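Engineer: Sequence:
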Amino acid sequence: MMTGLGVPDTTLAADKVIDGGTYTRMSDGDTGDQARYTSDGNLTINGATFNTQNPVTSYTEAEGIETSRDNSLKLTDPSTGGFISDEAAQAKGPDYVTALAAARKSDAASRIVGLDIAAGKDLTINSGTFSLSGANEKHFSGENITINGGTFNMSEAYTTFTSAGGITINNGEFNLVGTKEWAQYDVTRDRWVLGTRLTFNTGDGDIVLGRAGAADGPVFNIKDSLFMAVPAGAGSMVLNSGAINVEGTFRSSLLHAGTDLTMNGGSLSVTSTQELFDDPVEVQSMLTVPNLTINGGTVVVHNADINGENSITLNGGTYALSGTSVINSNGTYGEKPSVDGKGRLDINGGTFVMSGSTLFRGNTALNITDGTFAYEGTPNGSHGTVNGNTFNIPYGFTMESAGNLSVSGGNFLLTGLDRKRFSGQDITISGGNFQLSNGYTELYADNKLEITGGNISLTGQEGYSVYDEVRGKELLGTRLTLSAGEGGVVFGNANGGPTLTAVDALVMMAQDKDPTTITFNNGTYSIIGVTRLASLDTNASDLIINGGTFYTDHAGNGSSATTVINGGTFETVNGGYWGTRGGGDFNINGGTFSFDGTSGISASTGGGSLNIKGGTFDFMPGSYLQAAKPDVKFDMNLAGGTFNMALDPETGKALHMDAGTGSLTLDRNLALHVSNAATLAAGTYTVADFAAATNGVNLTENGVAASGENWTNDLFATTHVRGDGNSASLVVDVKNKTDVIASLPGNRNVRANAAAFDRILSNADGQT
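Per the working numbering: the sequence shown = residues 1 to 768.
Derived by calculation from the structure, the hints in this document are not laboratory data. Predicted, not measured: the structure shown is a model, and the values here were computed from it. Beta carbons: idealized from backbone N, C-alpha and C, even for Gly. Treat the hints with caution; some may be incorrect.
[Stated by the list, open to error] Okay, the calculated beta carbon distance ranges per label pair:
#1 Lys-121 - Asp-19: 17 to 27 Å
#2 Arg-211 - Gln-34: 33 to 43 Å
#3 Gln-435 - Asp-216: 33 to 43 Å
#4 Asp-15 - Arg-104: 37 to 47 Å
#5 Asp-186 - Gln-90: 19 to 29 Å
Please put together the full structure from these sequences, using the hints given.
Structural biologist: Encoded structure:
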């Protein structure tokens, strides 16, 4: 047996090999032994055992002071930066006296190198058992260090590996175990901190863990302790195989690298039993590096933080995130010159399975080009929140950037009751597949939200709803909310647009911000209600539609503050209408519109006007041109457009306008000129013969009220607006069956008006 006390300095011959044997230090602590095993040349260790007979495991416990995460005694004098005096400690009370004694002894003990294994050239460890417990530091050094095996059990104090040329660890087991009682006093932060630490110091050489493609590799179990990799030069850290497990139970566990980390394989697990940030100076388990790149492997994060202080790039790998977990590129690393793209989080691939509360954050930019993101949520929609000086996460799934957020690809499968959120100064979505079911999803841009591509699908669950306490009623529980600032919300461009489908769901615009402008230039949009009404609602914002294809079926209202439609294709069936609210005008300058069932166009729910200057409109029976709430007066101005209006089987009219107790005025002063009479084969009629106004509506033709009860013949009629301005006219044409079949678009019109055709044949003796 060799002992540190009996052999305080053992210098071995050059290129020495230690095969077996037990090497024991007899004492530890602030008066501990110093044992040195060195070689002038290479040093190789095969199967030896190194230990300490009586390690000091806790100065705080020995001195009678109990430490905890959130109750740190302040023991330094702010005027000097050193420990407070004995007299000052006495004045503060006995706890400070005992804590001061523990702090001084632990500080003194940590400065003693109790075990020093050093090679003048290269240090190679093939196997062995290293029991590195106790309060004194343990030190391994060589020009290059290679570890092919062995077991390293570390608790208390510090263990350091130093090599200017680099450290290669192909295999072996490294166990760092801190305890609730043991802690090291940090004079700089004036608080008790982790006392168990493993540090790799290199120069320009890399720290390489595992072999590329290997099935096995080194295993690092870091529990309630700190693992640091700190190259002094250009070296970096690479994980090819093996496992790094960072776990915090009593205290934080940290993997902190002062160099870049590239993960090509193996596994990385960062977990904590603590769900919340307890205090601004406390954090949960985390991995922190300047630049993090993950190309493959398995990553597990639970109640933990993966932090890239310059940048994070995720190109592949499989990720499981649960509890309250964060992947964050904060762009604040200051010890080395920052690289271009500081504060960027780039996700180019990988499979992410998430539950609880998960945050992806790029301080300056978050870019997603590929990857699969599956968020499962929690059963009842509740999750832990992160409250502290770093993060605040009230959502289940969050992608966030203080700068720009860009999505050009990837698959997002977001389910569960928890709220899902994408936020940034500007948000650009040019691709990707979004499948959203249940709960709320928000796209929230401080300035501009632009969606030029991708596929967005919302699917509500039958019978599922959320109770709105403000409105006092049940609302659809599946909702997509899009909000922006002055830059507005823009869909599509000249090259194309997104595909958006909402089934039993709501698409809400600008719900959480001040009113803005919503612009549709291109794309395909379907709003479908199966078990409940669906809706596209722009709240108090202005809506501009320049193009795109819009389909609504069994849908609720689509409304905005003011609406301008310059083009596009619109098919609305089985309930629902396009309109405005709050007194805003609805202006249609072009587009192709088809309405079937109880559907149509409404000027306003708050008193605005409907102004049509162009477009083609096909109204089937039961559809309408205008509707409003009772006691709301609105105006309709027809200055252009082509209108195909089928007979209503119930009223026998071409146009049925029902506004409750409101008032509908058709007047040339509103740029609508209605012919006083139209000469038909069966007689002479006014517009009231073809337009019905019921439930107290006043139908005015050139200032003269029309009763709407003058229909005398069963004829099929189509209406067209010709001319513009004050010279515009509403022309009513009556045609026989042959002309109807030839002129009306689509066989569905023929089938829908079969009963009317029979009446035409039996009554009409001519046509206009």
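Engineer: For each hint, tell me whether it holds in the structure or not.
Structural biologist: Hint by hint, here is what the structure shows:
1. Here the CB-CB span from Lys-121 to Asp-19 is close to 19 Å, well matched to the stated 17 to 27 Å.
2. Between Arg-211 and Gln-34 the beta carbon distance is about 36 Å. The supplied range of 33 to 43 Å therefore holds.
3. Evaluation of the 33 to 43 Å hint for Gln-435 and Asp-216 yields a pass: the beta carbon distance comes to about 38 Å.
4. Checking the proposed 37 to 47 Å range against Asp-15 and Arg-104 shows it holds: the Cβ atoms sit about 42 Å from each other.
5. One distance hint, 19 to 29 Å for the beta-carbon pair Asp-186 and Gln-90, holds here, with the actual separation near 23 Å.
In this structure, every one of the numbered hints holds.
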